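Protein chains: 2
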Amino acid sequence: MSSQSAHPTLLIPGPVEFDDGVLQSMSHYSESHVGAGFVATFGETLSMLRRLFQTTNSASQPFVISGSGTLGWDLVAANLMEPGEAALVLSSGYFGDGFADCLEAYGAKVTKLEGPVGGKPQLADIEKALSQNKYKLLTVTHVDTSTGVLSDIKSVAAAANKVSPETLVVVDGVCSVACEEIAFDEWGIDAVLTASQKAIGCPAGLCISMFSGRAIAALKARKTEPATYFASMKRWMPIMQNYEAKKPSYFATPSPQLIHALNTALKLILARPLSERFQRHKEVANKVRKAVTDLGLKTVAINDEDRSHAMTAIYLPNKVAVTEVLPKLLDKGVIFAGGLHKEIATKYVRFGHMGVSAVDPKRNDVDMAIKALEESLSECGYSKA
Amino acid sequence: MSSQSAHPTLLIPGPVEFDDGVLQSMSHYSESHVGAGFVATFGETLSMLRRLFQTTNSASQPFVISGSGTLGWDLVAANLMEPGEAALVLSSGYFGDGFADCLEAYGAKVTKLEGPVGGKPQLADIEKALSQNKYKLLTVTHVDTSTGVLSDIKSVAAAANKVSPETLVVVDGVCSVACEEIAFDEWGIDAVLTASQKAIGCPAGLCISMFSGRAIAALKARKTEPATYFASMKRWMPIMQNYEAKKPSYFATPSPQLIHALNTALKLILARPLSERFQRHKEVANKVRKAVTDLGLKTVAINDEDRSHAMTAIYLPNKVAVTEVLPKLLDKGVIFAGGLHKEIATKYVRFGHMGVSAVDPKRNDVDMAIKALEESLSECGYSKA
Chain A
0 MSSQSAHPTL LIPGPVEFDD GVLQSMSHYS ESHVGAGFVA TFGETLSMLR RLFQTTNSAS
60 QPFVISGSGT LGWDLVAANL MEPGEAALVL SSGYFGDGFA DCLEAYGAKV TKLEGPVGGK
120 PQLADIEKAL SQNKYKLLTV THVDTSTGVL SDIKSVAAAA NKVSPETLVV VDGVCSVACE
180 EIAFDEWGID AVLTASQKAI GCPAGLCISM FSGRAIAALK ARKTEPATYF ASMKRWMPIM
240 QNYEAKKPSY FATPSPQLIH ALNTALKLIL ARPLSERFQR HKEVANKVRK AVTDLGLKTV
300 AINDEDRSHA MTAIYLPNKV AVTEVLPKLL DKGVIFAGGL HKEIATKYVR FGHMGVSAVD
360 PKRNDVDMAI KALEESLSEC GYSKA
Chain B
0 MSSQSAHPTL LIPGPVEFDD GVLQSMSHYS ESHVGAGFVA TFGETLSMLR RLFQTTNSAS
60 QPFVISGSGT LGWDLVAANL MEPGEAALVL SSGYFGDGFA DCLEAYGAKV TKLEGPVGGK
120 PQLADIEKAL SQNKYKLLTV THVDTSTGVL SDIKSVAAAA NKVSPETLVV VDGVCSVACE
180 EIAFDEWGID AVLTASQKAI GCPAGLCISM FSGRAIAALK ARKTEPATYF ASMKRWMPIM
240 QNYEAKKPSY FATPSPQLIH ALNTALKLIL ARPLSERFQR HKEVANKVRK AVTDLGLKTV
300 AINDEDRSHA MTAIYLPNKV AVTEVLPKLL DKGVIFAGGL HKEIATKYVR FGHMGVSAVD
360 PKRNDVDMAI KALEESLSEC GYSKA
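First to last, the protein sequences are chains A and B.
Going by numbering that gives the first Met the number 0, the first sequence opens with residue 0, and the numbers climb by one from there.
Going by numbering that gives the first Met the number 0, the second sequence opens with residue 0, and the numbers climb by one from there.
The reader is advised that the hints may include incorrect statements.
List time: in silico SDA-like cross-link candidates among lysine to any residue, alpha-carbon distance up to 25 Å [stated by the list, open to error]: (1) Lys222/A with Glu224/B; (2) Lys233/A with Lys327/B; (3) Lys327/B with Leu329/A; (4) Lys111/B with Tyr249/A; (5) Lys246/A with Asp330/B; (6) Lys245/A with Ala58/A; (7) Lys246/B with Leu329/A; (8) Lys111/B with Ile343/B; (9) Lys233/A with Asp96/B; (10) Lys111/B with Asn56/B; (11) Lys341/B with Val33/A.
To be clear, the hints were calculated from the coordinates, so they are not data collected in a lab.
Computed from a prediction, not measured in an experiment: that's the story for all the values here.
Same shape as in the complex, but just chain A (with noise of 0.2 Å):
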């Protein structure tokens, strides 16, 4: 068998399809974790993320850990917020409020700042809290994986460093590293968190995040040691300089097989100008956008301008049922999510275009889906008033 065999088009906002190469590499040989060609390679991955996220300087730190992308959130809360300490939540939807819940289990104090479903929270009303209020980081969904809803990171970072230049801005880039554009130096981040499974291209598994020199002083500058083990920076953190360095060191082991995946799955990224990357994911964004509003549907985002580039969550019609239109799809070979936002779950499917299935020319996955939910619409009685 295969291990490509004729499949589904997995077309939900992560896991995404894979190039086979990536996959090819998911069956590696065993390795020892501390042996010279696994540490190249962990190293050599290491270094491709400082690439990927755009960061040129040495103080910025790659960690790559086993877990998924919500352990991300863990490294955060229990890293860099002290228990009593404040932190500003901007939601966007269900991963938001997630990120919240996430923080206030390390005892965090929560401001959360949100938009009406399919929006997000306005940049003056974000000045003004940053303005009121100490903050010790607040918090941005750049692509809130339940709603397709886009943060301008960019502009957030901004004002933050302006209004409140000692908060550390920290993204959560699940749905968003490696479709959305990320520059993490230019753009005063302090931290972006991501998984393997989505843009990247590599199957979950993987808890990948990048920090700002600022994060890891006030990492170093805690008053108290943090409640975790397995999430804590400090213990990894010289277990990811010394991989860097091809020197071997053991914290806890990680997944050689998972590790070889992401160094294919980067190398691939890299292999052509990130612009170039960000751009197709644009082109293919507009492309189905297009097509919902010639279907005469509406996206889950309200304004064009916070419509993702990595997803689109779409309105189903009236009398359309998610239970009904999901294994029509499935019928003609395509997946999509159901809804996930609590308000509107049932009311909604979820359209991942990212990865290969958007930038590599060989696939026609995104015409090829465009069609079936046509058809799959028509089918269930649907056509455009």
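Position chain B against the provided structure of chain A, taking the given hints into account.
Positioned in the frame of chain A, the structure of chain B alone reads:
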């Protein structure tokens, strides 16, 4: 390139060599983590873990979470302990000490019992400690990967259940599950933690654990909320229960590829009686032990009954350095690990003999490694006195 293309045989105490079918599963095509196909695979995997751990009590709860074995320590420390509560840690090396560090990171008061290097705490001392103080839980490292010392967890659990029945018995089974017997129900164990990349024979990247109904009750009876998010058993429990009931569920994205590989590995293990598997690991360990004796060398484990069947830690002859012998072994296609226990790290090597290298009759990994060790020592100028 075949994923299993010619490579040196990995005989460290994890990761281990993998069965071809397990590696093939690693490159499974992309699936939704909430799609029916993957949900069935994950559910079946959880049910198979009950058989591996020999528990038929429906109150027992398996967990499989992206992470390393170390994350298992956090599960215990964050969920079963509240800050200020007391834990008794039985240490037979680096990993017993690590568990103590993790418990302390979460605010536990730790009492540590340890034997000499190569030994373990004595049962009488354990009983005495349990009778003198009230401990919320005790931890015992079944096989300490740094020393190859095997603990008698059946006797430890029996002693704890007799002397201090309210104390939870927690076993670190990272280097023992699937090669040393663990009768979870019969022996009165409350938690076993392990990782995917050791005797289970799946690539690294999964934290695997089993908790008793008593442990779950202790979690529910907490006065304070656990200060963790990703390691929160309360958040994961309904997810695991839903997957096992074949219902989609979401807290954080699991790794479909690793779960497929684990599923394949467990099917291979459970296709034969577990007793046969444990017996085979004993035979292989005895063969290694005899070879060590024949070479005039000593194992780090002092007493015969304390020698694990997963791995053997072997003191090198006085004049042979670890850095001299490991490259010679590699020349012969064999990878051993260096030492890890800080007091003796430069004096010994570790030989892992678990998983397919022990049980697959088509392989002669262990015989080849014994021969390579003999030749390498000879090349280093060593001959038995």
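Hint check:
no.: 1; hint: Lys222/A with Glu224/B; in the structure: 22 Å, holds
no.: 2; hint: Lys233/A with Lys327/B; in the structure: 36 Å, violated
no.: 3; hint: Lys327/B with Leu329/A; in the structure: 55 Å, violated
no.: 4; hint: Lys111/B with Tyr249/A; in the structure: 23 Å, holds
no.: 5; hint: Lys246/A with Asp330/B; in the structure: 21 Å, holds
no.: 6; hint: Lys245/A with Ala58/A; in the structure: 18 Å, holds
no.: 7; hint: Lys246/B with Leu329/A; in the structure: 18 Å, holds
no.: 8; hint: Lys111/B with Ile343/B; in the structure: 20 Å, holds
no.: 9; hint: Lys233/A with Asp96/B; in the structure: 18 Å, holds
no.: 10; hint: Lys111/B with Asn56/B; in the structure: 31 Å, violated
no.: 11; hint: Lys341/B with Val33/A; in the structure: 17 Å, holds
Of the hints listed earlier, those the structure fails to meet are numbers 2, 3, 10, in rising order.
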